[in-house]
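*Asks:* In case you want the letters, here they are:
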Amino acid sequence: METLTTRNTYHPMENLLRMDRLPHIWCPGCGIGIAVTTLAAALDKAQVDLNNVCIVSGIGCTGRVAGYVKLDSFHTTHGRAIPFATGIKLANPNLKVIVFSGDGDLLAIGGNHFIHAARRNIDMVVICVNNFIYAMTGGQVAPTTPLTAYATTSPYGCVEPPFNIPYIADSAGAVYVARWTALHVRRLATSIVEALHKTGFSLIEVISPCAQYYSRINRLGDGIDMMRFYHTNAEIRHGENTKNLDIPFQSNIICGKFVDRERPSYTERYNKWRTQIKGEDNEG
Amino acid sequence: MKPPKDSLKTGTHQLSGSQACVEGAISAGCRFLGMYPIEPAIEISNYFLERAKTLDAVYVQMEDEISALAAVLGASWTGRRSMTVTSGPGLSLMMEHMGLGVMLETPCVIVDVQRVGPGHGIPTAPAQGDIFQSRWGSHGDYEIIGLAPSTVQEIFDFMIKAFNFSEHYRVPVVVLTDGYLVNLKSDVTIPRAEDIKLEPRRYYDGPQEKYLPFKRDEDLIPRLVDIGAGYKFHVTGLTHDERGYPIMNEECQEFNVHPLVRKIRNYAEKIVRFQELATEDAEIIVIAYGSSFSAAKQAQQKAREQGIKTGLLKLDTIWPFAENRVRELSRKAKAFVAVEMNYGQLVYEIQRCSQGNANTIFVTHGEKGVENSDDILNAIIQASRENSKKEGIIEYAPK
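Same order as they appear, the protein sequences are chains A and B. First residue of the first sequence: 133, per my numbering; consecutive thereafter. First residue of the second sequence: 1312, per my numbering; consecutive thereafter.
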């Protein structure tokens, strides 16, 4: 048996990360790696059978997450991680399904799938890393880019109002909604654990620095400067009405757990329907 | 592998094409339908839901066709045989996941109930307009398998074939039917369970730690495992190596993508299926598939009655195309009369294979032409009188 003393390359998360794929592709100062190690910590803490957990990602920087996590993992099409994961969950309801993707992937090209999965209350944990920009393609404006912020496709400042992701998830029917920044690793881990134990559609938004594009284009400094910004400007307000969670450019970021409620999941309703129909058939 | 007996409706029943499609799918072990409503495919979904009640089958209506096929791919990776049903506009939206299905080598079946297009066309009018879309509608290089049933019984039979092909070759299989055929009613014989042969899923059975999701067997097909079986595998739509890890170089593109083409092309002769009637001595050979078959057959028989040596080649698979057989026949025959419910699609393949040997005459028909063989007969007569070799496709013009 291998122990700590017999090996000098032991990594405490090597049962959860694909060590043979490291180093990863993310830039220095990026927050996605923090979100991934936080997921690993949460999976460890949640005491779930890892054979029974799978992870699905879309496309983009955060879309690469599935490739680094040692679970049954799928790197799918742009915006379609949620419907792919829906198929998995409905076909085998015993699996725990995590969708890990970015704001552009989940809320722009995948926006329709996002609201419908929340409406159906498909039992899955959606972790959405929000860096306010399309980073993989070089810094284009995203559905989350704050008004007036610069991007390569908004060179005079963004003129589109951004989405408030927790509000969308809440309105569409998510049973668990939280937001943290890449600085709040322990609170984020707690939220992931809670979401993993929750039945239904959970959404956790992770505000993340994008040092290479968002911060550089908007002259906000490096990743560490963004972390300092979160430290000063993040405000924890559990239970805050999700209507009040807009993130204007470089202003306060309200974090916390906003929604934690019960609603029957799609699978529960489907099984109830089936049992009922079978009963009627037997009577008939 | 045999289908579970309790799911089979063994015996002869009067079924619509839609019902036959569902019975075929269920007999093939299909237990997941992800769909989005569209005419004229909706009857298939409705009947699947009816049948799903008593089976361990899952039915989900997604928010669009993009997500419908995405869900089918996800479901297939749990080990469930999965399918979707749609029509042309929906098939267009599915092309994104046709590509992902090909890249992840995911077994699944797509039933395309063709209607006229482009755009929205006439939602209830049948057509054979998705011939090339079904093959290469998604970007990049790949091959798929496409089946075209001609009768209600064949819809049942071909659904089983489709699932078997998709499991064997690990590729999405398209069953191209149309709005006419799915509404046709006819007697369908459903065999006993012991008489149905199902291709089992090609599972990996080696040591768990040595599993490589894209290590190919000798016949170029990699082995599958189910989600949740403990393998912790990774798959990606990016160009990938044996481990399923993305590798962005030309060598890996060759390693990954060339076999996607070769695993079908190299085995085309094993996949291709067709039926022939009176081709031995035929000067004129009518080539048809799907709903065009019955009128083509009528015309062939009438032409024989008139003393024109006419044969019939009915294509059961349209992809891969029956290239070798069409080429062989083109060396013996004077002309092919290609019949399609479109303005000329598969005829391009026919003409390609007959070039320099036999003339290729194209006959188009619409819904009315499914039961009317006059144009085809006239084209046969015209072809039999033509003694010179013509280049290209000769479009038959009705008088």
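Keep in mind that the hints were calculated from the coordinates and are not lab data. Please note: incorrect hints may appear among the correct ones.
[Stated by the list, open to error] In silico DSS-like links for lysine-lysine, alpha-carbon gap of 27 Å or less:
no., chain 1, residue 1, chain 2, residue 2
1, B, K1521, B, K1608
2, A, K410, B, K1313
3, B, K1364, A, K404
4, B, K1710, B, K1613
5, B, K1496, B, K1320
6, A, K404, A, K177
7, B, K1581, B, K1608
8, B, K1316, A, K404
9, B, K1364, B, K1496
10, A, K410, B, K1316
11, B, K1643, B, K1679
12, B, K1581, A, K410
13, B, K1613, B, K1496
14, A, K410, B, K1320
15, B, K1710, B, K1679
16, A, K375, A, K330
17, A, K330, A, K404
18, B, K1521, B, K1508
*Asks:* With reference to the structure, classify each hint as holding or not holding.
*Replies:* Hints, verified against the model:
no.	hint	in the structure
1	B:K1521 - B:K1608	54 Å, violated
2	A:K410 - B:K1313	25 Å, holds
3	B:K1364 - A:K404	12 Å, holds
4	B:K1710 - B:K1613	19 Å, holds
5	B:K1496 - B:K1320	17 Å, holds
6	A:K404 - A:K177	32 Å, violated
7	B:K1581 - B:K1608	26 Å, holds
8	B:K1316 - A:K404	25 Å, holds
9	B:K1364 - B:K1496	23 Å, holds
10	A:K410 - B:K1316	19 Å, holds
11	B:K1643 - B:K1679	32 Å, violated
12	B:K1581 - A:K410	43 Å, violated
13	B:K1613 - B:K1496	25 Å, holds
14	A:K410 - B:K1320	18 Å, holds
15	B:K1710 - B:K1679	17 Å, holds
16	A:K375 - A:K330	23 Å, holds
17	A:K330 - A:K404	19 Å, holds
18	B:K1521 - B:K1508	31 Å, violated
Violation of the numbered hints given earlier is confined to hints 1, 6, 11, 12 and 18; the remaining hints are satisfied by the structure.
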